[in-house]
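**Q** In case you want the letters, here they are:
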Amino acid sequence: MMGMKKNSMIKRESVFLLMFFSLLVFSESLFAQQRQISGKVTTADVLPIPGAVVKVKGKNGGTGTNNEGAFVISAQTGDILQITSIGFVAKEVTVGQSNTVNVSLAEDNQALSEVVVVGYGVQQKKLVTGATVQVKGETLQRQSTTNALQGLQGQTPGVQIASTSGQPGESIKVTIRGLGTIGNSGPLYVVDGVLTGDITYLNSSDIESIDVLKDAASAAIYGSQAANGVVLVTTRQGKRGQPGQITFDAYAGVQNVAKKVDLLNASAYAAIMSEAAINGGKQPLFTNDEIKAFGEGTNWMDQMFVDNALTQNYALGASGASEASVYSLGLSYTGQEGVVGGKSLSNYQRYSFRINSEHNFYKEIIKLGQHFTYTDIKNNGIGVGNQYNNSLRGAFNTSPFVPVYDENGNFFDNSQSTWNNGEANPYALMVYNNQNRRNSQRILGDIYMVIEPIKNLKFRTSLGMDYNAGESRSFTPIYNLSAYAYSINTKASQSMNKGKSLIWDNLLSYKFTLNNDHTFEAMVGSSAYRADGSSIFGTNTNLIFDDLDHAWLSNATGKNIAGITIGGRPDDADRRLSYFGRLNYNYKEKYLLNATFRADGSSRFASQNRWGYFPSISAGWVVTNESFMESQKGWLDFLKLRASWGQVGNQSIAAFQYLAPIQLSNTNYIFGPEEGVLTPGAYPSRISNPELKWETSEQTNIGFDANFLKGKFTLNFDWYNKTTKDWLISAPILATAGADAPFINGGNVKNTGIELALTYRNNLGGFNYSVGVNGAYNKNKVGNIPTADGIVHGLSNQLFDNALEFYRAQSGFPIGYFWGLKTAGIFQNEAEVQSYRSAGGKVIQPTAAPGDVKYVDVNGDGIIDNLDRGMIGNPNPDYTFGITLSGDYKGFDFSVVASGVAGNDIVQSYRNQSNQYGNYTTRILDRWHGEGSSNKIPRVTEDNRNWTNFSDLYIQKGDYLRISNITLGYDLGKVFKKSYLKQVRLYAAALNVYTFTKYDGMDPEIGYGSEGFASGIDVGYYPRPRTFMIGANLKF
Amino acid sequence: MKAIKIYAVALGLLSLGACKKSFLDTEPITSVTDENFYKTPKDAFTALVGCYDGLQVVWSEGVALPVAAEVMSDNTFGGTGNSDGFGYQMIDEFDKARSPSDQNLYERNWTLYYKALYRCNMLISKMDQIQWGSDAQLRKTYESEARYLRAYLLFDMVRLWGNIPLLTAPSAENIPQSGADDVYKVIADDLKFAAENMPEVAYPAQAAANHGRVTKYAAEALLGRVFLFYTGYYAKGDLVGLVSKAEALAYLENVITKGGYGLIEDFANLWPAASQASFAGEDNKETIFAIKYTYTSDYDGNTDGNHWMVMTGIREQSFFPYGNGWGAETVNPKLWNAYLPSDTRRVGSIISIVGEKLAFTNQSKQREYTGYYAKKYSPMIGEDGKPLPEANGNTSFQIGQFQDYVSIRYADVLLMAAELGSGNAQTYFNAVRQRAYKDAFTPLMVSQDNIIRERRLEFAFEGIRYYDLLRQGIDKAAQEIAETTTVLNGGKSAEKKISAANIIATKGLQQIPYTQINLSNGTLKQNAGW
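So the protein lines, in turn, are chains A and B. Using the working numbering, you'd call the opening residue of the first sequence number 2 and step up by one each time. Using the working numbering, you'd call the opening residue of the second sequence number 166 and step up by one each time.
Please keep in mind that the hints were generated in silico from the structure rather than gathered at the bench. As the structure is a computational prediction, the values presented were derived from the model and not from experiment. One thing to keep in mind: the hints can contain errors.
As the list claims (entries may be wrong) - Below, computed lysine to any residue pairings styled on SDA-like, alpha-carbon distance capped at 25 Å:
hint, chain 1, residue 1, chain 2, residue 2
1, A, Lys713, A, Tyr770
2, A, Lys1036, A, Phe513
3, A, Lys261, A, Leu330
4, A, Lys283, B, Gly656
5, A, Lys782, B, Lys261
6, B, Lys551, A, Thr566
7, A, Lys283, B, Lys261
8, B, Lys657, A, Asp290
9, A, Lys713, A, Ala294
10, B, Lys207, A, Glu676
11, B, Lys291, A, Pro662
12, B, Lys662, B, Asn527
13, A, Lys589, A, Pro662
14, A, Lys560, B, Asn467
15, A, Lys823, A, Asn875
16, A, Lys823, B, Lys291
17, B, Lys690, A, Val857
18, A, Lys499, A, Asn556
19, A, Lys751, A, Thr566
20, A, Lys589, A, Phe513
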């Protein structure tokens, strides 16, 4: 019905537009007495301004200035020329009798005229009432990172960015204003209006800007998706009046691991093992001479890492504008090899192609445009997950006794070892078990149309798409490395998946001013979203060829069902319908008001709980626009106070969590005599919860923005209080429930904090410089968890085999806090063991021996048990901060970026404490081995008794300050002075230059956590490499 | 005017979904939900198979009860690899300090038992909503099977942990542990229900394709076992007031007279590794109830195999027909010596490294080596040296083993009936012994002591001995199990000590997983000594 109506309307409309068009042609012919006006656009210091746009007021098109600032435009006497250039105050000049018009532009107080991206639109920065932060594409590009998000590090107060792994292509954990949920805590990404969950496909060179919406009032327009904040990405687009420009950016560099962990060599290992046996009352395992003779043994750390892994990036861009169109194109390649295992095991390659354009029709009544990015990613990687899927972890635990190769140059088979035939060459395991190749293709973009028949009354409709297809293969060879690590068959696995989401947005907005003082901007809109996909996978054995290249299912000859796995299924369908509106009001740009409302319906909830409603309101007061502030203009250019309140939602759970599914697969039994003949069964695998609804985050924000001393000094401050209610959690439940835990709405978490950003920029002669410092403080507290015991328990089996729970979410504590025993040093002698008694006179640790750790009997009942466990660490940093320095002088430029966190703790567990033979880090050399030898690290024992209870022995301070980027560049454009060369900048950069930290692991920036709300857990972490690179930026 | 119409269209577009309500309605494609299941007899059968599957997987991870029961008994030591953790020593010696890191040894088993229990409880609770149609017996049969399986699970759990939360309907509440009597009431009730409601179909009349399913006789035989254990361990006169000694005996006599079961002629033929080609086959006439396994297990979720058998195999070395394994359950030489050389059960049950002239060279990798391994559930290899699962396409001998676990044998029914004072006690006793000794048979007077002694020889490595010990009282059991001897750890002589005091302190029960205690926030109490 609706479609028909639309068609007939379009017909009538085209007639209407045709009339408009003819009028346009007619009017053009009225004015014919044009002449060429030439001139030069310069700064106040008479330096040329290239790329400034010169336009005749009221007309389409225009021209741009060349490198010398010169332009030529046709105009006639009385015309008004508009000259604009980013960073300068726009100027209008009336054409007089002269054919030459030279214009000097005043430098703009940048911060005020900037436009920032907000949900479904843009807004002048000076009128923004919420808490947002913008980082320009150039700034990101200057960080030379493979992942654009990593380039944000240190530049966005209140946004914590941590790598989940140093492996190329791995995702980045982004936490905005503290962890607010126990589930998926990642923000919503919106690329040119298309909602997505991941932006690793983007090359920094394709990004115009990234805007982060931090407070609920800014994010509420995205309603149900926005509880964890929103990251808006705008890809590059041509600008009206801009002359065509081609850019080429490239860098290449080498990466090395910045810090390795020192493990015991063979002699030290043998000595410690022998000591452990002696401590257990056994005979020494080795004589001193034997210990000496072991020598160095294998250094597994050295085996795992490669030197000088390559990283490179090449990006070609073109952008410009014609009379009626603007365009921007990009073509790029990024390649990054991993420092663990090298290119064949850990590698990432990304090709992307982007084309954005916009076209005007009918005198700008209609604009049609599109964004389109295609990315092809090829990657392969090693295990970087938990203790069972972590290639590096093997290196920490394998003894230096195991040789890498046998006498024939093959990987050493340790299964005949008389020392520990259960341990396997970790390097060989990494090689054998990570024979995989993955590739994926993605198209993200939209087509949109804006109709504006009456000025400022706009209707915008867009159809966006996020399409992805992926394929992966893996190969397992036949091998035998230890008693437990072997494969008796070749095996190939193959899988393919594809998915597509479509998003159809319609917006109607109108902006008008009443009495010149009251400016209103109203917008209403709707959005429909659907996502579908499917996957298929298979595994089979007995390959015809024994290598990864031939590891395709058609080459697998296995005929027995036991070796064959096949499957295929659709993704659970995802549907959303949304309606939203916004009203902006300002009085003389002095009093600002903004209100939004959004209603979201989602297929992820049962029909009675499907709709969620998300309001917000914010207000601002530009104090400096008051007449009584006029006298202060000398030092205070701008001061705006802001306050906001809003509610946003989170619906990040899989589909159908409100139902109890009946599991039909892998539920067979064999009746009767025929082996392998199965009768299918079924059982309900999860408890249902039809009451499941949105998670809601409510946030109040108060802040101010100020500019001092003619824009030299800017200051932004925010205070916020964010409460997330009705978490969507699947809290671990007691095994007695017999089924998987349902998702429930439970508990809340409150994040309170402040953010501060200071920038100072100035120039000394030709030396321009700026210094930026930003920092954020956040306090995190959990409340009202509705489980029986008020606790969401963490997972067990994380730190070592059979390790118990050691982190949890509990009312009154920070989310994911570390739960364990406090220690009070080491028992130095038997007398200390005996004298360590409760008030009642009971020996608290009667089985302890000298050298064992002394646990604090917190409740004083004379026994050490769960009641003595409490918070012994907090993985959430109190402070996050960043420092940026930059400057340029006569073509030279430099920048330094540093970032860090403070006040958090890290749990380090490299050793499997269920195994008596695991290797140790050299820290064990400081162990207790006789009275007075140590009061920190307990004696070594074969049963690892001092480590099997989680205690503060595992905890270290996680504070660090990382110099993440130093770049030094020089623009040879000044040397060549060729008109076609606008810039020839060469630079050298160092990434991850140095990290100041007391943490003794390889990297204190640990984004890994065993599940959503767990963090700061180091079970063997792929470190971020240190990179040295050279690069070039060319502009033509 | 035109513009207004344009905006009318725009507003129409803005309200896009209003005329399409179903846009947000989606349905799962690859699973059904509890809302549309448990409706038809076919659903009921599928759910029942799910219950059998639940039982099949309880030992797929963690520590299997048939293995733990032998390690806890005086038959075997913990063994395992010389560089492995000390979990099996902790079980063997009832000593937490032997392996402080093992605080969750039975976590997976605890979880899997409750998952299986949940499936049974769910099906039992849905009995009334299923449209059974005209077949009146169908519901009785399915309900009997589900309740038998529930009783079977509860009996395992209550024997292993003693103090367990009891659930007879699905519940996600934090439930405290029940007294043992409450658990046994449910077990007895369920088994009585099954014994009384299952059709009387003797073994020869049972369709081969149905072998493996619960029968009336399985319920009756299990009742006998439950009666003997409960009245022994808890020193009671009857089974929680529900089954008297006479009734228990009557159930067993019914199996003997009506069940159509019998003893396999040669004892060795009961066990594949002892008989090879002459193996009597699975589901033979001596099998009253077995947990069935096959070779289709994989690491992608299919769990159909005997995952625990690999534990008992000879440590990392294979000799046709014995496959390699992890060397748990190293046999206490006392057991070997308890058999007369003329007893065919000795070589039918035990692998003697010296006796069978096996060139075992892996002493250095074996902990608590004694020279003897269990044969009844030994993994096997073919003459080509390849593990049998491999011949069937399963690439892992660890999960691909497919020998059924014969839980209740006819021989057990005979000896239980004899012990409960059957008028035919001597006949039953003789029947079992005659098969064992063949021509060397000499009669022995039936008596409680002789029966218990005979049961040890007959049922070694079948998970029965330990509970036969416990039902004689914890002190008696502790005294029998306590041990101070010498074994070879990694080829080196070492003392092996099992203290009676530990067994008494723990009442012979095992550790409740600490993760569950943490999750219950202290509602669950740990067993004494753990």
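**Q** It remains to establish, for every hint, whether it holds in the given structure.
**A** Taking the hints in turn, this is what the structure says about them:
1. Distance hint between A:Lys713 and A:Tyr770 is fulfilled; the C-alpha atoms sit about 10 Å from each other, no more than 25 Å.
2. As the CA atoms of A:Lys1036 and A:Phe513 are separated by approximately 40 Å, the hinted pair breaks the 25 Å bound.
3. Between A:Lys261 and A:Leu330 the CA atoms are separated by roughly 42 Å; this puts the pair beyond 25 Å, and the hint is violated.
4. Restraint check for A:Lys283 and B:Gly656: the C-alpha separation of about 15 Å stays at or below 25 Å, so the hint holds.
5. Our distance criterion of 25 Å between C-alpha atoms is broken by A:Lys782 and B:Lys261, whose separation comes to about 37 Å.
6. Straight-line distance between C-alpha atoms of B:Lys551 and A:Thr566 comes to about 22 Å, which keeps the hinted pair within the 25 Å bound.
7. For a cut-off of 25 Å, the pair hint linking A:Lys283 to B:Lys261 stands: about 20 Å separates their Cα positions.
8. This hinted pair checks out: B:Lys657 and A:Asp290 have alpha carbons roughly 21 Å apart, not beyond 25 Å.
9. This hinted pair does not check out: A:Lys713 and A:Ala294 have alpha carbons roughly 67 Å apart, beyond 25 Å.
10. Between B:Lys207 and A:Glu676 the CA atoms are separated by roughly 23 Å; this keeps the pair inside 25 Å, and the hint holds.
11. For a cut-off of 25 Å, the pair hint linking B:Lys291 to A:Pro662 stands: about 16 Å separates their Cα positions.
12. With a C-alpha separation of about 23 Å, the suggested pair B:Lys662 and B:Asn527 falls inside the 25 Å cut-off, and the hint holds.
13. Between the alpha carbons of A:Lys589 and A:Pro662 the distance comes to roughly 58 Å, so the proposed pair goes past 25 Å and is violated.
14. Between A:Lys560 and B:Asn467 the alpha-carbon distance is near 17 Å, which keeps this suggested pair within the 25 Å criterion.
15. For the given pair, A:Lys823 sits about 14 Å from A:Asn875 by alpha-carbon distance, which is consistent with the 25 Å threshold.
16. Among the hinted pairs, A:Lys823 with B:Lys291 is inconsistent with the structure: their alpha-carbon atoms are about 49 Å apart, more than 25 Å.
17. Among the hinted pairs, B:Lys690 with A:Val857 is consistent with the structure: their alpha-carbon atoms are about 23 Å apart, no more than 25 Å.
18. With a C-alpha separation of about 24 Å, the suggested pairing of A:Lys499 with A:Asn556 holds against the 25 Å cut-off.
19. Using a Cα cut-off of 25 Å, the hinted pair A:Lys751 and A:Thr566 is violated, with the two alpha carbons roughly 46 Å apart.
20. Restraint check for A:Lys589 and A:Phe513: satisfied, since their Cα atoms lie roughly 13 Å apart, inside the 25 Å limit.
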